[in-house]
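Based on the hints, put chains B, C and D in the right spot on chain A.
Number of protein chains: 4
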Amino acid sequence: MQDSKPEIMKNLDRVGITGLRTIVMTKWKGKRYNFVPDIELTIDLEKEKKGVHMSRLIESVIECIESEIEVRHNSLEELERHILEKLKEKHPYKKSEIEIKTELVIPKKTPVTGKLSMETYDISVKLFYENGEYRKRLRVGVIGNTVCPHAMEKNEGKTHMQRAYSILEIETSYDNEIALEDMIDCVEISFPSRVYTLLKTEDEKYVVKKMFENPKFVEDVTRSILDNAKKRFKNCRIKAKTISEESIHRHNVMAEGSCES
Amino acid sequence: MQDSKPEIMKNLDRVGITGLRTIVMTKWKGKRYNFVPDIELTIDLEKEKKGVHMSRLIESVIECIESEIEVRHNSLEELERHILEKLKEKHPYKKSEIEIKTELVIPKKTPVTGKLSMETYDISVKLFYENGEYRKRLRVGVIGNTVCPHAMEKNEGKTHMQRAYSILEIETSYDNEIALEDMIDCVEISFPSRVYTLLKTEDEKYVVKKMFENPKFVEDVTRSILDNAKKRFKNCRIKAKTISEESIHRHNVMAEGSCES
Amino acid sequence: MQDSKPEIMKNLDRVGITGLRTIVMTKWKGKRYNFVPDIELTIDLEKEKKGVHMSRLIESVIECIESEIEVRHNSLEELERHILEKLKEKHPYKKSEIEIKTELVIPKKTPVTGKLSMETYDISVKLFYENGEYRKRLRVGVIGNTVCPHAMEKNEGKTHMQRAYSILEIETSYDNEIALEDMIDCVEISFPSRVYTLLKTEDEKYVVKKMFENPKFVEDVTRSILDNAKKRFKNCRIKAKTISEESIHRHNVMAEGSCES
Amino acid sequence: MQDSKPEIMKNLDRVGITGLRTIVMTKWKGKRYNFVPDIELTIDLEKEKKGVHMSRLIESVIECIESEIEVRHNSLEELERHILEKLKEKHPYKKSEIEIKTELVIPKKTPVTGKLSMETYDISVKLFYENGEYRKRLRVGVIGNTVCPHAMEKNEGKTHMQRAYSILEIETSYDNEIALEDMIDCVEISFPSRVYTLLKTEDEKYVVKKMFENPKFVEDVTRSILDNAKKRFKNCRIKAKTISEESIHRHNVMAEGSCES
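Residue numbers (this note's numbering), protein chains in the order written: chain A, 21 to 281; chain B, 21 to 281; chain C, 21 to 281; chain D, 21 to 281.
With the rest of the complex left out, here is chain A (with noise of 0.2 Å):
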């Protein structure tokens, strides 16, 4: 029947399976990280047929997640990567894109006292196919502030402060090795102050008068982003987003751009 000939006869870009939740564990740098992502999986589909053969695709998943009991994968690109190449062998493709969200969890150490906090983002690394060529999209969503410089120059130093979230977005070829610790890392060191699930007084402290030194927009926060992101990988294509959830708005504020290295 998916092998027949459709009623309107038309190429389309992406047909498959998204939200499919299930295990996936990989061994990064030694490390054994596990995670319950959601994945997509698509191919494209060319006109003469009517349609996909959809258990092919979560056949390729499922094998090469169970094949995983001894974590072979690296990355998540390195799994996507097997899952596209197994699928290749049970269903014909030109282009085929697979996405993998989740989220890293990540100890840290509280910036004063030097406790142990543990800290959590969400990521997404996705793998596109096409004419040979692997291409990778690595992204990584992290939970910052932004303090509004423009009220503490008209209030004596007080001000407005809230929760941000950024996003910083990374697309660059297969091969070339790039940290979602490090994309996390280029977004931290761009809000006003890290934030931390553990604070004790000292390190609330710290935190609150570094936010006070360090005032800024949403958009200095999005520029600083692009710009370490840029000097710290090459061959990029890069785009940065910050979302501030004003204190004195029922509104967000937003500033997108992006750049290449």
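In short, the hints are calculated from the structure, not lab data. Among the hints, a few may not be true.
Partial list, computed: chain B residues near chain A (C-beta under 8 Å) [unchecked claim]:
| no. | residue |
| --- | --- |
| 1 | THR140 |
| 2 | ASN151 |
| 3 | ILE163 |
| 4 | ALA171 |
| 5 | ASN175 |
| 6 | ARG183 |
| 7 | THR217 |
| 8 | LEU219 |
| 9 | VAL227 |
| 10 | VAL228 |
| 11 | GLU266 |
| 12 | ARG270 |
| 13 | HIS271 |
Distance ranges between label pairs, derived from CB positions [what the hints assert, rightly or not]:
| no. | chain 1 | residue 1 | chain 2 | residue 2 | range |
| --- | --- | --- | --- | --- | --- |
| 14 | B | GLU66 | D | GLU197 | 30 to 40 Å |
| 15 | D | GLY177 | C | ALA199 | 35 to 45 Å |
| 16 | A | ARG92 | B | ASP23 | 57 to 67 Å |
| 17 | A | ARG52 | D | ASN94 | 16 to 26 Å |
| 18 | C | ASP202 | A | ASN31 | 21 to 31 Å |
| 19 | D | THR221 | C | ARG52 | 50 to 60 Å |
| 20 | D | LYS254 | A | GLU105 | 49 to 59 Å |
| 21 | D | SER193 | A | SER24 | 56 to 66 Å |
Beta carbons are placed, not taken as given, at the ideal position from N, Cα and C, and that holds for glycine.
Only chains B, C and D this time, still in chain A's reference frame:
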């Protein structure tokens, strides 16, 4: 089929429709309001019946809304009562509940420059019928802020602040007239400062000054909402909850309490 | 402060406000529409300026809406154009974008019994300004269904079916008049059957019969939307996407494509 | 500051942290489980105290998780009990609550071809402490389907079906050992058919056949879950709710009930 005996004879508390989006209009104190709410309407199901005739629930909603071209309903609870009464003619029940969740937009003036600002609030009006009696539960969700008094004390006046979201919920008899606008006001005066959609520089200065003069924990905001509501509304069960979207953490902090008046 | 030189001199593509909820009214072909939309409004920021004067963006929105008591705007894109024009007087920009996301409620008749049914659709209207020219992107999100032709063939007429959600997106010049209602119709006729809020027994029979006579993969629905839109709308870039919420799986399947007309 | 007297002296029921995302591991019946949950942890606050020392709540969570490198906890409720006990040493309280919301992935076999399929479920484990006693509330959220028996009768075997989502909630004493897997099974056998991530053609035929042989309203599914849970679990308060994402409507239908065992 719905009236046949089910395999498992067991009363069910709430059977009906949820996520119904439609248009609703009211005329409250002479002013016309338009809503595009999300509606949930349920009735109990006795153990001898296999199912509810769902289309009769829908018909009751649509017939009440259709007749509304002249906007006969003064309030959302009055509209809800008409729907439950109309449903009673179409379908037997012992208990019924209807909830309308939507947004209320109120024009306000900015605090210093006196410019027009449009403020939007989450509201919910729920009506319960049982034993010939109607009770209602009114809820408002309001954006504001918290300003940490502890950090302020430890940092010579510097502190962290952030957006907060408070919910005030009142359960009372159908006839106890309570304006959602008054409930919103109870919440807004409990924050360090109200927030505004529009703030010119002088307005922003006023809001920042107010926040620094009036630092409040999430616990202080919740207690203040309960206190204000208890004084203003009589013969009610009152619940309040505040969630503070910390600018120095990834997680939120919250405080919840209740009282009777 | 906003007009001062930033530390990092870098153009930004989109700076502004997001998540602004307010009231909007239009008068389209003589009929009045009320919306409570979510608005995003951004402009570009040149590298020599530290920040955007955000309050001027808010003012432009509020002044256009305020003046609307007489409902002067025929469409959401006309309102958006007035907002961008007003903003131009208040704040310099080279590029600007405004998006209004909201819900459109359309009264319809049930297919057999001819009863009134209210149908609600997700809509978005976005206006882009650059180099003296306005372009728009219209989007509708419509609920329907898919019915598996493959399972039907393998099971002597029995099959699985499920709710599906399709998005049709059209990018075209400002002056190309396209009714959102017509876009919605393009999508609805592409499903195995339209869905209705109200269905009496005879209507339900009609819908079920139609679904079984007209089985469609998610790929078929997307191709049909593209085909219908291409025939009906000229000088457009057209994108369509369908997500099928499988009744036999935990995940969804999807198909996405595009064309020009 | 937190220990000072508040302006408004009023007990609060639940004060604490919410939306804390971190890593959690358990070893249930010898098998290791990894979770990236969302945690809410609250305590009551007496009227004489202005606030809760929030960082002590965080410390209690992190210290219990840190010590877990050897994975000492057999279940999420055991981990939660350790957190509440550790918190008791750090911060006084009369009542406390902790909820861990996360996803459980269970490998299953497809029904005919016997292939490996990974199935993911929403789970929540909540522990309540009061008066020296611990109680727990276990919750599972499971995807399945409904198949309309009414339409089937009216259409000579043809009908509409759709994805459904059921929640089973059990409140019982801490020591009453109940496996989340058994709760999930109670729900899955209540649907017209289980759903699977992977289905080859023969598996799909089996599932479609089962759905047509076993039509069920949303009311039937909820009653069946209650019945199954009552037989299997003793000394419990049981709640069940099913939401059916209608393939012929834009809205959902639902049925909710409860019983004791």
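Cross-check of the supplied hints:
Nearest Cβ of chain A to the Cβ of THR140 (chain B): about 6 Å, under the 8 Å cut. The hint holds. Given the 8 Å rule on beta carbons, the hint for ASN151 (chain B) is violated: about 41 Å separates it from the nearest Cβ of chain A. Residue-level restraint check for ILE163 (chain B) holds (minimum Cβ-Cβ distance to chain A is 5 Å; threshold 8 Å). The criterion of a C-beta within 8 Å of any C-beta in chain A is met by ALA171 (chain B), whose closest approach is roughly 5 Å, and the hint holds.
For ASN175 (chain B), the shortest C-beta to C-beta distance to chain A is roughly 5 Å, which falls under 8 Å, so the interface hint holds. Checking ARG183 (chain B) against chain A: minimum C-beta separation of about 5 Å stays under 8 Å; hint holds. At a threshold of 8 Å, the smallest CB-CB gap from THR217 (chain B) to chain A is about 6 Å, leaving the interface hint in force. Annotation: LEU219 (chain B) was flagged as interfacial toward chain A, and the flag holds, the nearest CB pair being 6 Å apart, inside 8 Å.
Taking 8 Å as the C-beta contact cut-off toward chain A, the hint placing VAL227 (chain B) at the interface holds, the least distance being around 5 Å. Because the closest C-beta pair between VAL228 (chain B) and chain A is about 5 Å apart, less than 8 Å, the hint holds. Interface hint status for GLU266 (chain B): upheld, as the beta-carbon distance to the closest one in chain A is roughly 7 Å, under 8 Å. Because the smallest distance between the Cβ of ARG270 (chain B) and any Cβ of chain A comes to about 5 Å, under 8 Å, the interface hint for this residue holds.
For HIS271 (chain B), the shortest C-beta to C-beta distance to chain A is roughly 7 Å, which falls under 8 Å, so the interface hint holds. GLU66 (chain B) and GLU197 (chain D) have their C-beta atoms about 35 Å apart, which keeps the hinted 30 to 40 Å range intact. Evaluation of the 35 to 45 Å hint for GLY177 (chain D) and ALA199 (chain C) yields a pass: the beta carbon distance comes to about 40 Å. Distance hint check: the CB atoms of ARG92 (chain A) and ASP23 (chain B) are about 59 Å apart, consistent with the given range 57 to 67 Å.
At about 21 Å, the CB distance of ARG52 (chain A) to ASN94 (chain D) agrees with the hint of 16 to 26 Å. One distance hint, 21 to 31 Å for the beta-carbon pair ASP202 (chain C) and ASN31 (chain A), holds here, with the actual separation near 25 Å. Range check, THR221 (chain D) to ARG52 (chain C): Cβ separation about 53 Å, and the 50 to 60 Å hint holds. Here the CB-CB span from LYS254 (chain D) to GLU105 (chain A) is close to 51 Å, well matched to the stated 49 to 59 Å.
Taking the beta carbon of each, SER193 (chain D) and SER24 (chain A) are about 59 Å apart, inside 56 to 66 Å as hinted.
Taken one by one, the earlier hints fail for this structure only at number 2.
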